[in-house]
Amino acid sequence: MAVSVDPPQVTQKHLAKMGWTYTFLADPQDQAIRRYDLVDPEAGQGIARPAEFLIDPTGTVRWLDLTDDFRVRTRPETVLATFDRLAAGGGTGGGR
Amino acid sequence: MDRRRNFLPLAGFLVCLLAFVSYFVLFYRFPVTRDVPWANWLLFALGLGLVVAGVRRPFRQPERYRGRWTGATLALLSLLVAGFFAFVTMVGSRQLPASAGAPKVGQKAPELRAAGPERPAGAALRPPRRYCRRGRWGRRDRRGRRGGARLLGRPHLLSRLLVTVL
Numbered sequence: 185m186a187v188s189v190d191p192p193q194v195t196q197k198h199l200a201k202m203g204w205t206y207t208f209l210a211d212p213q214d215q216a217i218r219r220y221d222l223v224d225p226e227a228g229q230g231i232a233r234p235a236e237f238l239i240d241p242t243g244t245v246r247w248l249d250l251t252d253d254f255r256v257r258t259r260p261e262t263v264l265a266t267f268d269r270l271a272a273g274g275g276t277g278g279g280r
Numbered sequence: 491m492d493r494r495r496n497f498l499p500l501a502g503f504l505v506c507l508l509a510f511v512s513y514f515v516l517f518y519r520f521p522v523t524r525d526v527p528w529a530n531w532l533l534f535a536l537g538l539g540l541v542v543a544g545v546r547r548p549f550r551q552p553e554r555y556r557g558r559w560t561g562a563t564l565a566l567l568s569l570l571v572a573g574f575f576a577f578v579t580m581v582g583s584r585q586l587p588a589s590a591g592a593p594k595v596g597q598k599a600p601e602l603r604a605a606g607p608e609r610p611a612g613a614a615l616r617p618p619r620r621y622c623r624r625g626r627w628g629r630r631d632r633r634g635r636r637g638g639a640r641l642l643g644r645p646h647l648l649s650r651l652l653v654t655v656l
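Going down the list, the sequences are from chains H and G. Note that the numbering used here has the first sequence beginning at 185, numbered continuously upward. Note that the numbering used here has the second sequence beginning at 491, numbered continuously upward.
Accuracy of the hints is not assured; some may be wrong.
Unchecked claim - Derived pair list, reagent style EDC-like, types lysine to aspartate or glutamate, alpha-carbon separation capped at 20 Å:
1. G:Lys-598 x H:Asp-221
2. G:Lys-598 x H:Asp-253
3. G:Lys-594 x H:Asp-190
4. G:Lys-594 x H:Glu-236
5. G:Lys-594 x H:Asp-224
6. G:Lys-594 x H:Asp-253
7. H:Lys-201 x H:Asp-190
8. G:Lys-594 x H:Asp-221
9. G:Lys-594 x H:Asp-252
10. G:Lys-594 x H:Asp-240
11. G:Lys-598 x H:Asp-240
12. G:Lys-598 x H:Asp-249
What the hints assert, rightly or not - Looking from chain H toward chain G, a few residues come up when the C-beta cut is under 10 Å (computed):
13. Val-187
14. Leu-209
15. Asp-211
16. Pro-234
17. Phe-237
18. Thr-242
19. Val-245
20. Asp-253
21. Arg-255
FYI, nobody ran anything at the bench for these hints, they're computed from the structure. Computed from a predicted model, the values in this text were never measured in an experiment. Backbone N, C-alpha and C fix where the C-beta goes; we use that ideal spot for every residue, glycine too.
Just chain H, same shape as in the assembly (with noise of 0.2 Å):
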């Protein structure tokens, strides 16, 4: 599931165009950013920083990724490797 904060319209143009398919929720009142503290003050007002949250069904966080350079983002091959890591019992650890 993403979370962004532009407006449904614009997000559902974006996933028309990327052939995304998974859950997509629109957070133009940043109000989810900022109860997981990832307002980017300095982009703008209104702007999230990249994060990447994996969360279990019982709502605890099992990994995340807070990454240091705007332009790196988890990779889905890590994603997934952390997952297996998950199930198989491995311990949990932050990403980046």
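Position chain G against the provided structure of chain H, taking the given hints into account.
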């Protein structure tokens, strides 16, 4: 003897411009060239190499080439472009907040509540109103159901091919 124009600095400067622009237009799309912009640094190396070669030519062979000041100016501009790219990719993109209040591993994540109806992204796209089934065109109603009795026209070759494949 007429001295020749020295195009190498201009070519190098254009390559440097290409190296800068191509990152945001092209290479940013691919993680392998976005995370570490090696392709752009290769282009910058090529461009700066051309600029250096072009700047040296009129100084070493003044009887053959002209454009000392032009070459030096283009070299300075090329260096500025490369320096700005280095700043953007090494310093500017790292200006991120610490997010000290973000949930840590092992903590409960703040709950997210969707204000609207839960709708997967794929569901946001309505099915096309017109459809083709068994070689006949029809129209869906407002609920997306096929209206078999409302045929819109004769089937054409493409729809027959689709039916065959299906």
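If you check each hint against the structure, which ones fail?
2, 3
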